[in-house]
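Chemist: Each residue of the sequence shown is one higher than the one before, starting from 1 at the first, in our numbering.
A couple of the hints might just be wrong.
[Unchecked claim] In silico DSSO-like links for lysine-lysine, alpha-carbon gap of 27 Å or less:
no. : residue 1 : residue 2
1   : K91       : K207
2   : K138      : K49
3   : K138      : K178
4   : K209      : K199
5   : K138      : K91
6   : K172      : K138
7   : K49       : K207
8   : K49       : K209
9   : K178      : K49
10  : K209      : K178
11  : K199      : K178
12  : K199      : K172
13  : K199      : K49
14  : K49       : K91
15  : K91       : K209
16  : K138      : K199
Keep in mind the hints are simulated off the structure, nothing from the lab.
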Amino acid sequence: MKSNYILLSAFLFFAACGEKKDQSDPAVKTSGPVRSSNNTVRVNENLEKWLRFYRAGNPDFSFDRFTLTDSASINYNSSNVPANFEVNFNKVYEPFLVYSPDRTKYIDFDSYHWIPDENGNPGFEADQQITLVHLPSKNVRQLAFFGPSFTIEEAFWEGDSVAVMLGNTYEKVPFYIKYNLNRNIQHTYRYPDTLTFEKSYIEERLKLKGIGGK
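Can you build the whole structure from these sequences, using the hints too?
Modeler: Next comes the structure, spelled out in structure tokens:
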């Protein structure tokens, strides 16, 4: 049942592509909703929805079973993805941006990855760029870039400086990457088994906001 972990670790390492750091950081634990703002509650629900989706076919699926596989410095790159303050930003993506609780930053993992057709159905690109936007400075940077074997499906924030990307692989082995923006370090965690599922989480996520299924 277990997938090719060596291959998975290699791909995730090159997606991170940064200097090795201490790997003693413990796995992120699922926390309850923070009630300080409506946005924070919504972000916490992103994590809960992702776990619930995969538990439907995998009752033992648990965040506690993920293990740390790699630590590296964050390697930012320039980004050509329009930010929401630019005139060429397509407002269809606005509902999918994942804002930090203080609303000064957001993560965008949709704009590069899919484009809606005339009927409102998404056409997916093979690759996916993850963009971090700092609104006060209008700074737009590429946080990560993934090829077709890896897909970021969801994201949430732990406070205003830690962003967590939840993903899955072609081999159906989930992973997540925790970006500590203040410390400039990222930690990659991997699930020990493959999952059983037929529907795409990201397609179901888009349908909830009116994209696809038409």
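Chemist: All the hints need checking, so say for each whether the structure fits it.
Modeler: Status of each hint after checking the structure:
Proximity of K91 to K207 is assessed by CA-CA distance (about 16 Å); at most 27 Å being required, the pair is judged to hold. Pair hint K138 plus K49 does not hold up; C-alpha atoms about 30 Å apart against a cutoff of 27 Å. Between K138 and K178, the direct Cα distance comes to roughly 23 Å. Compliance with the 27 Å bound is thereby established for this hinted pair. In summary, the hint linking K209 to K199 is supported, as the alpha carbons are separated by about 17 Å, within the 27 Å threshold.
Only pairs whose Cα atoms come within 27 Å are accepted, and K138 paired with K91 is accepted, the gap being roughly 17 Å. A threshold of 27 Å between alpha carbons decides the hint, and for K172 with K138 the separation of about 36 Å lies outside it, so the pair is violated. Between K49 and K207 the CA atoms are separated by roughly 14 Å; this keeps the pair inside 27 Å, and the hint holds. Proposed proximity of K49 and K209 is supported: the alpha carbons are some 14 Å apart, at most 27 Å.
For the suggested pair K178 and K49, the alpha carbons sit about 18 Å apart, so the restraint of at most 27 Å is met. Between K209 and K178 the CA atoms are separated by roughly 26 Å; this keeps the pair inside 27 Å, and the hint holds. Between K199 and K178 the alpha-carbon distance is near 25 Å, which keeps this suggested pair within the 27 Å criterion. For the given pair, K199 sits about 12 Å from K172 by alpha-carbon distance, which is consistent with the 27 Å threshold.
With a C-alpha separation of about 14 Å, the suggested pairing of K199 with K49 holds against the 27 Å cut-off. For the suggested pair K49 and K91, the alpha carbons sit about 24 Å apart, so the restraint of at most 27 Å is met. Between K91 and K209, the direct Cα distance comes to roughly 13 Å. Compliance with the 27 Å bound is thereby established for this hinted pair. Restraint check: the Cα-Cα separation between K138 and K199 comes to about 37 Å, which exceeds 27 Å; the hinted pair is violated.
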